[in-house]
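As given, the protein sequences belong to chains S and D, one line each in that order. Each step along the first sequence adds one to the number in the numbering used here, with nothing skipped, and position 102 is 102. With positions in the second sequence counted from 1, the corresponding number in the numbering used here is that position plus 1000.
Be aware that one or more of the hints could be misleading.
Quick list of in silico lysine-lysine cross-link-like pairs, DSS-like style, CA-CA up to 30 Å [said to hold, decoys possible]:
(1) D:Lys-1078 / S:Lys-100
(2) S:Lys-58 / D:Lys-1096
(3) S:Lys-57 / D:Lys-1042
(4) D:Lys-1057 / S:Lys-42
(5) D:Lys-1096 / S:Lys-57
So these bits of chain S aren't anywhere near chain D, every CB distance computed over 10 Å [claimed, not checked]:
(6) Ser-7
(7) Glu-15
(8) Ser-63
The hints are simulated quantities; they were obtained by calculation from the structure and are not laboratory data. These figures come from a predicted structure and were not determined experimentally. Each residue gets a CB set at the ideal place from its N, CA and C atoms; glycine is no exception.
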Amino acid sequence: ILNVEQSPQSLHVQEGDSTNFTCSFPSSNFYALHWYRWETAKSPEALFVMTLNGDEKKKGRISATLNTKEGYSYLYIKGSQPEDSATYLCASLLTGGGNKLTFGTGTQLKVEL
Amino acid sequence: EPEVTQTPSHQVTQMGQEVILRCVPISNHLYFYWYRQILGQKVEFLVSFYNNEISEKSEIFDDQFSVERPDGSNFTLKIRSTKLEDSAMYFCASSKETQETQYFGPGTRLLVL
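Please take these sequences and the hints and turn them into a complete structure.
Structure below.
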């Protein structure tokens, strides 16, 4: 994997559904993986920074896992609510890459009533 | 909670004109960044700034771009002679330490006509 990729590109779920999406990133020279939540007209909100293989982080109903050996991270949302509707971005940071975040295209989540 | 602010939220300019985008990073942060997102594309890194100098820049950040921290609070991005392809959402971000969470502002949407 040469670039940061996210799937799916968009997702429609019903309120109460649990959902997950994937971020794939280059595993060589990996330093950290960042997840952001971005609602239109607002600042992208930092959700998690993950560095260690096997890391699991949780914030309310949102959690994330990290596999640095195979180069992927999953973001899970349990019991989706309409306010979870947003674009979820992941970005990788490399060792020796300074502070340059390399972003994926994002997964656009729409939670319907 | 401290946040990164950006002004203006929208700017429309004519091709060839100079624009200055302004950002106020979080007050105790030391590292500052500019990113941009052209519509439909990934968020991409432009430049990072630390200790009053550029620490890293991308290929996009050519001689038409410059950054400055004119006082203790503002961080600006200047585009000297705008091109149509400079139309994008420009995000400012800041972090307290190197390779830590980057906190983003809400962006300035620049439209070059």
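Going through the hints against the structure:
1. D:Lys-1078 / S:Lys-100: holds, 20 Å
2. S:Lys-58 / D:Lys-1096: Holds, at about 22 Å.
3. S:Lys-57 / D:Lys-1042: The hint holds at about 25 Å.
4. D:Lys-1057 / S:Lys-42: Between Lys-1057 of chain D and Lys-42 of chain S the Cα gap is close to 25 Å, so the pair holds against 30 Å.
5. D:Lys-1096 / S:Lys-57: Roughly 21 Å separates the two Cα atoms, so the pair holds.
6. Ser-7: The claim holds: Ser-7 of chain S sits with its nearest Cβ about 14 Å from chain D, beyond 10 Å.
7. Glu-15: holds, 27 Å
8. Ser-63: holds, 17 Å
Going through the hint list in order, the structure satisfies each hint without exception.
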